[in-house]
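J.: Required output: the full structure, derived from the provided sequences and hints.
Going by UniProt numbering, the sequence shown opens with residue 1, and the numbers climb by one from there.
Keep in mind that the hints were calculated from the coordinates and are not lab data.
Computed from a predicted model, the values in this text were never measured in an experiment.
Check the hints yourself; a few may be wrong.
As the list claims (entries may be wrong) - In silico EDC-like links for lysine to aspartate or glutamate, alpha-carbon gap of 16 Å or less:
no.	residue 1	residue 2
1	Lys591	Asp551
2	Lys25	Glu7
3	Lys618	Glu556
4	Lys248	Asp170
5	Lys248	Glu262
6	Lys25	Asp551
7	Lys25	Asp4
8	Lys249	Asp239
9	Lys25	Asp88
10	Lys652	Asp616
11	Lys147	Glu252
12	Lys147	Glu262
13	Lys238	Glu146
14	Lys25	Asp356
15	Lys249	Asp321
16	Lys238	Glu252
17	Lys345	Asp321
18	Lys25	Asp382
19	Lys676	Asp433
20	Lys238	Asp170
21	Lys618	Glu530
Claimed, not checked - Quick list of simulated restraints, FRET-style, between CB atoms:
no.	residue 1	residue 2	range
22	His465	Glu211	43 to 49 Å
23	His720	Leu67	39 to 45 Å
24	Tyr124	Gly18	56 to 62 Å
25	Arg736	Gln375	23 to 29 Å
Virtual Cβ for every residue (Gly too), placed ideally from N, Cα, C.
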Amino acid sequence: MSLDTIELRGLRQHNLAGFDLDLPKRSLIVVAGVSGSGKSSLVFDTIAAEAQRQVNSTFSAFAQTYLPSYGRPEADRIDHLSACIVIDQRRLQGGPRSTLATITGIGDWMRMLYSRGVEPFVGYSNAFSFNDPAGMCPTCHGLGVEKVLDVDAFVDESRSLREGPFAHPDYRPGKLTWRRFADSGLFDVDVPIEQYSTRERHLLLQAQPGEVEPAGAHALPGHFEGALVRFRRIELAKDPAGLKGEAKKAHERLVTTGPCSECDGTRLNEAARSATLGGLTLPQAYAMQVDDLAALVGTWDLGPLAPLAGDVRAQLTRLVDLGLGYLNLARDTATLSGGEAQRVKMVRHLGSTLNDMLYVFDEPTTGLHARDVEQLGRMLLDLRDQGNTVLVVEHDPAVMALADQVVEIGPGAGREGGELVFHGSFEALRAADTATGRALREGSPPPREPRRSTGVIRIEGASTHNLKDVSVDLPTGVLTVVTGVAGSGKSSLVHGHLRAAAPQAVIVDQAPIRGSRRSTPASWTGMLDEIRRLFARATGQPAGSFSPNSDGGCRECEGTGIRFVDLGFTDPVTSTCETCQGRRFRPGVLKYTVDGLSIADVFELTMEQARDVFGDTKLAALLDRTIEVGLGYLTLGQNLTTLSGGERQRLKLARELTGDAPVVVLDEPTTGLHLKDTRRLIGLLHAMVDAGRTVIVIEHDLQVIAAADHVIDLGPEGGHDGGRVQFTGTVEELARTDTHTGRHLRLGVERSAPVQDTCWARATRMPSGPRT
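T.: Following this line, the structure appears as structure tokens:
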């Protein structure tokens, strides 16, 4: 086989069924399939993991201890891989000092430009860095924020020292800290503080270390310092997340965080934050929207610095092209969504001149409006045309239409998936008898008459973030979709203001669910609690006996079902526990059964199988919701860490929707969903409305928008160019407007045409691709 082909033989990772696959290099390849079919097992856990493992193995054994560890995937042979760069949707974690400027590297270029261009000379580039002592604000140390003690809440001056004037558990009478003041001999402990002289009050609260020496016979050793000075020195430095009990509550009550009083949140010292280039200080540049800054830098005439300014503008423009022009460089990276984070990671590589690399993307259209998907597709093609192999896990037909090849894993999910069901062109996929092929041919759901609302939820004068004094009615008793391009203000409107207008609303947001290797769908959703109660009632045994994390767990593997062996410098090895054979429970528990099933048998049931077994009302409701969101194939005892992002999102949705809240809000629920599953989700949303609930969905997906009874379209653009209501009304009315959403509805989800023959997929048959 040619060296221009990635050869994959006997792929068995997770649920993969041992198939063979050849992928041509220097191509754009899309991997499709229903959620849970094995796409991530193929792309991330096999191809990307093996490429990264082999690169890491070229380093010394010592260096490898500081690198991520990738186990060898289950496969017979994997040949001709290229060095791999994974661009996934994991949120960026950079700590409090990480911003969009630092994470993209644009800040380095901006600092270099300012250090060479400002007059008078301030210093080298590190003099403009808030992460370097040469440039950071001396008060906040480059963090841009400072903690402030609420003095009035901390000190009750109507009380004496003996009565305890300080509202913190460490400063109560009798405590060591309290004794530093009471036993100092400097104060009358029975006189209220408000009756102290100016000198006494200053010493008690504001004395600096060493300013006065204690005079009492029982004074504690060490320098005396005022209570406020001591609190700010010790308590303000503590991380609230590490506090517990009363100390944590007191800290939350007494301490607030706000912009630094010296630098006003700019993080820089006086010299760095006041120097100007083109009439603009560096903090002002960081605070501007990226698209505005890119345009402004393009107008600067900097003479010999023009090439450097051009590089800065090129990188800013890449952010704009990725639909992130509404952000600013001062934005904390931890506040970026998963989709935003993935596109930010792309910026690092789009200007690279490397070729013959393997780029792996995880659903890059997540969070993108249909308007921005076209530009994303062009960037994927640019990476390919530079001589790289681009491998994309994706559900969007618009991206599939650009692919040189499409690989579909299926036919179903979980145990019903893991097979190679299609490998060929997009045109051939449209005719294939696969889940994706059928969904492409079916197109959008048939039109339906919009429901009549039963009332309204009124939001008045919303001005959070970029909203422009927005007042809007959200109709009750119908399905409402709030849409608009990224950054237009959708989340600000719904998350920021709906709760005040409808306190009874349940909001299912995009915050990722967390779970350890002990967590399972049954434990995370609460099903396990009900199952344990059922077993306890039926057998007379304690409920803890039926939990692998408690008394019922296998002693050898501690209820995990697997053994981890650390082999030092080489990859750790996992193996099935020989004692329990991977079933997690000790033998003494397995003799107790309900309807012929042991607790280990129950853990091995799929959601659909469990629904047939259990008749408990509460448990049945949980199982029904899980099946309705398309997760009926999951086993109750499957490790939560093995679930894909889409599966985790839907598991969260299933748990939240089990209740009966009258108003339910969903934030982009189609994230990670196959076209077939999106249709199933739409059916679930309609069923909820038919049951009398009000459903509000923040969404870009054209099929979901087309299924709405009522649409609110925000825009027209993102950031300061958004925040306005462009349209409210029915889908048919929206499709006749000239908003971004209206235009793409006309192009993409015409009521009478299948999705694949419309939208951008039809308009982007470029001469440069697909290639064979």
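J.: Evaluate each hint against the coordinates.
T.: Consistency of the hints with the structure:
1. Lys591 x Asp551: Holds: lysine 591 and aspartate 551 sit about 15 Å apart, inside 16 Å.
2. Lys25 x Glu7: Distance of about 10 Å is within 16 Å: holds.
3. Lys618 x Glu556: violated, 33 Å
4. Lys248 x Asp170: holds, 12 Å
5. Lys248 x Glu262: violated, 27 Å
6. Lys25 x Asp551: violated, 53 Å
7. Lys25 x Asp4: holds, 5 Å
8. Lys249 x Asp239: Status holds; Cα separation ~13 Å.
9. Lys25 x Asp88: Answer violated: lysine 25 to aspartate 88 is near 20 Å, above 16 Å.
10. Lys652 x Asp616: violated, 21 Å
11. Lys147 x Glu252: holds, 11 Å
12. Lys147 x Glu262: Satisfied, since the Cα-Cα distance of roughly 13 Å is no more than 16 Å.
13. Lys238 x Glu146: Holds: lysine 238 and glutamate 146 sit about 12 Å apart, inside 16 Å.
14. Lys25 x Asp356: This hinted pair holds, its Cα atoms lying about 8 Å apart.
15. Lys249 x Asp321: violated, 45 Å
16. Lys238 x Glu252: holds, 12 Å
17. Lys345 x Asp321: Holds - the C-alpha atoms of aspartate 321 and lysine 345 are around 13 Å apart, at most 16 Å.
18. Lys25 x Asp382: With Cα atoms ~15 Å apart, lysine 25 and aspartate 382 stay inside 16 Å; holds.
19. Lys676 x Asp433: Roughly 13 Å between the alpha carbons, so the hint for lysine 676 and aspartate 433 holds.
20. Lys238 x Asp170: Cα-Cα ~14 Å, so holds.
21. Lys618 x Glu530: Distance ~8 Å between lysine 618 and glutamate 530 Cα, so the pair holds.
22. His465 x Glu211: 43 to 49 Å: holds, 46 Å
23. His720 x Leu67: 39 to 45 Å: Check passed, 42 Å falls within 39 to 45 Å.
24. Tyr124 x Gly18: 56 to 62 Å: The hint (56 to 62 Å, Cβ to Cβ) holds, given that tyrosine 124 and glycine 18 are roughly 58 Å apart.
25. Arg736 x Gln375: 23 to 29 Å: holds, 25 Å
In summary, the numbered hints that this structure violates are 3, 5, 6, 9, 10, 15.
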